[in-house]
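Those sequence lines, one after another, are chains X and G.
Just so we're aligned, residue 1 is where the first sequence starts under this note's numbering, counting upward by one.
Just so we're aligned, residue 1 is where the second sequence starts under this note's numbering, counting upward by one.
Source of the hints: derived by calculation from the structure; they are not laboratory data.
Where is the CB? At the ideal position from N, CA and C, for every residue including glycine.
Just so you know, not all the hints are guaranteed correct.
To be verified - Partial list, computed: chain X residues near chain G (C-beta under 7 Å): (1) Phe36; (2) Lys40; (3) Glu44; (4) Ile45; (5) Gly48; (6) Phe55.
Stated by the list, open to error - Quick list of simulated restraints, FRET-style, between CB atoms: (7) G/Gln501 with X/Thr52: 46 to 56 Å; (8) G/Val400 with X/Gly24: 51 to 61 Å; (9) X/Glu50 with G/Ala547: 41 to 51 Å; (10) G/Lys267 with X/Pro10: 43 to 53 Å; (11) X/Pro95 with G/Met457: 54 to 64 Å; (12) X/Val53 with G/Gly161: 55 to 65 Å; (13) X/Asp18 with G/Ile551: 37 to 47 Å; (14) X/Val93 with G/Val557: 32 to 42 Å; (15) G/Val400 with X/Gly37: 27 to 37 Å; (16) X/Thr52 with G/Thr492: 35 to 45 Å; (17) X/Leu23 with G/Tyr559: 32 to 42 Å; (18) G/Gly161 with X/Lys3: 20 to 30 Å.
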Amino acid sequence: MKKIDAIIKPFKLEEVKDALSELGIEGMTVSEVKGFGRQKGHTEIYRGSEYTVDFLPKIKIELVVADGQVDAAVGAIIKAAKTGKIGDGKVFVSPVETAIRIRTEEKGDSAV
Amino acid sequence: MKKYYLTLALIATTAFGVTTLRADDTNAAAAATNAMATATNAVAATNGPVAAWTTNAPTTEQRLESVEAYFANSDPTAPYTDTNGNWTVNFALGPSIINTNLVNSTGRYVSFPGAGHNAWLLASTALVLFMTLPGLALFYGGMVRRKNMLSVLAQCFLITGLTTILWYICSYGMIFGGSGGLHGGATTGAVNVWGMAFTQGEAGHDWISGIMGSPKVCWMFNNVTSAPNPGYSYWVSENVYAMFQLMFAIITPALIIGSIAERMKFKAILVFMTLWILLVYNTQGHMVWGVNGIMNGCWNPDAKIKGLDFAGGTVVHMSSGWSGLVLCIILGKRLGYPKTPMPPHSIVMTYIGASMLWVGWYGFNSGSAVAGDVISANAFTTTTLATAVGSFVWPMWDWVVRGKPTVLGFCSGAVAGLVLITPACGYVLPSGAMWIGIAAGTIPWFFCYKIKGLLGMDDSLDAWSVHGIGGMCGAIMTGMFARQAANPNLATNLSKTVTDQIFQPQLWEQLKTVGVALVLFIVGTIVCAFITKALVGLRVSEEVEMAGLDISEHGEVAYDFDTK
């Protein structure tokens, strides 16, 4: 099992969700985050004050998939989330020790 | 222990109230008797033992003239008096608009209030209250950080109640009564102040004539009734006028909040505002608006400085703006200012507040005509023009100089327009209002954008740049653009200073007014601030400031995002 963390642009969420659905991956956890990499922030003007805000809003998607599905899932995410412009985001893959479904207490791949 | 003190306070307040009520009853009866007696005596003394007037009934001609006075906003008693001001008819012999039974503060017969004029002032009063609650509360509230939103709302409401209580006790009389004013100069009789009797004449005198009124005048709202007080209006009930002016007295200290937001103790605000209202606001109000005020150029022929301030450019805006500046310097900057970003938490709230301020300000400006007449009509027009132009010009400067027109710019421009036109609205023509609007979108903008940063003080919500500087500019431009054609009352006392030119003598009078006012505001605020500091301290602790005033001083959270 592997965990996939994907940081994407917020308006790309629906596309990525649909792309993963087509592969049969139905479950994921989504959170609103802020961050920056190479994409520059923006400037805010309020009367006498000017602030440069470095952080940009992003969406983080977390999902755990069986080893066999990792490549397909990562590929689908990248294809759906790409715009070609700076700030598209990143995907991270890390190993997972166990997964357990709370309702049935199943373990392993069947819990994912 | 706390409950014990609270109970004692409750008992004390009730006892106080009961004593006061009894004093009122005595005074009302005494005043009514005195009113009749004085009027009769005055006429008898002039006309001799067989007074001809005792057999004259009001004629149809006189009654018609009296009613025509309603439309002209002039004196309805004029047809019934001779050149010495003595009555020439016996009102018991026939109907008229003059009501001999109306108890009022002057001891003279007055007419019934005029329906239209009174109605406009009633509406204006509600509009001006609306400016504070919730207009200013939201305008300022939206500009502070989320953790301090409730503190702004609380401070606005605190000031509303506090000012009203002081108003009832003595503030109204301190501004609008006094030597020669019609609250005690005219009649004899007793005023009961906590068991001590003062003759009306003695109680009616200012502490410093024409400058600082006396709290003894209109103590506990003595004799302020639904009858008009001809010192201020022939047709508007005095209690309506008092409530109208109360709303001005409320919004002025509330404006100061803009300078000291996010770091002043609630206790300190309570103490400071009490002192400031009594010492600073009441003094400026008396000088500029009191019947015998030394800077009341329009109405006081003996005014030392012929100042013009139609709706409160100096009394409300200059006072709050400059006092805010002094107080924010004494308080010190917010932690982290200016490096830490402290953007407005909700420009939406600010926008809603600014819009409410504009609508409410019609009551503030047009209502200051104290009538629904040609002057209130002109004031409404000039207010609209200056505000709209101000709201247009400010974001244009943002666009040209800084790259984008901002919503905060629209809001600030509108408020600046309103501030600058305030002293001028009843005295200038529409063309003057347009120039004032352009100045409003430019000068306060420049102070916010450049000067504030150069000076380095933390005037959190720009009360000084917009109200202090704006009020000052408005007062000065009133001197430049006041025209006889705009307001026939200018001809009475100011025909020499309002000569229909830009650099007319009135401009010099306005500069003098502004100078005196500045001294009062700066010195007065320093005194009030240091007394407050000695009594309760001024600034919250670091922990409180970091956590936010809402949770620390009020135990509440403005927006609950956590509970599901």
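Going through the hints against the structure:
Hint status for X/Phe36: violated, given a least beta-carbon distance of 15 Å to chain G, over 7 Å. Using the Cβ-Cβ criterion of 7 Å, the hint placing X/Lys40 at the interface with chain G is not satisfied: the shortest such distance is roughly 16 Å. At a threshold of 7 Å, the smallest CB-CB gap from X/Glu44 to chain G is about 6 Å, leaving the interface hint in force. Because the closest C-beta pair between X/Ile45 and chain G is about 6 Å apart, less than 7 Å, the hint holds.
For the restraint placing X/Gly48 at the interface with chain G, the shortest Cβ-Cβ distance is roughly 5 Å, inside the 7 Å limit, so the hint holds. At its closest, the beta carbon of X/Phe55 sits 11 Å from a beta carbon of chain G; the interface hint therefore is violated under the 7 Å criterion. Against the hinted window of 46 to 56 Å, the Cβ-Cβ separation of G/Gln501 and X/Thr52 comes to about 49 Å, which satisfies the hint. At roughly 56 Å, the beta-carbon separation of G/Val400 and X/Gly24 lies within the given 51 to 61 Å, and the hint holds.
Between X/Glu50 and G/Ala547 the beta carbons are some 27 Å apart, a value that contradicts the proposed interval 41 to 51 Å. Range check, G/Lys267 to X/Pro10: Cβ separation about 45 Å, and the 43 to 53 Å hint holds. At about 57 Å, the beta-carbon gap between X/Pro95 and G/Met457 stays in the expected band of 54 to 64 Å. For the pair X/Val53 and G/Gly161, the supplied restraint of 55 to 65 Å is violated, since their beta-carbon distance comes to about 40 Å.
Range check, X/Asp18 to G/Ile551: Cβ separation about 43 Å, and the 37 to 47 Å hint holds. For the pair X/Val93 and G/Val557, the beta carbons lie near 40 Å from each other, so the given range of 32 to 42 Å is met. Range check, G/Val400 to X/Gly37: about 34 Å between beta-carbon atoms, so the 27 to 37 Å window is met. At about 58 Å, the CB distance of X/Thr52 to G/Thr492 disagrees with the hint of 35 to 45 Å.
Judged by the Cβ atoms, the range 32 to 42 Å given for X/Leu23 and G/Tyr559 holds: they are separated by roughly 40 Å. Checked against the given bound of 20 to 30 Å, the beta carbons of G/Gly161 and X/Lys3, roughly 58 Å apart, lie outside it.
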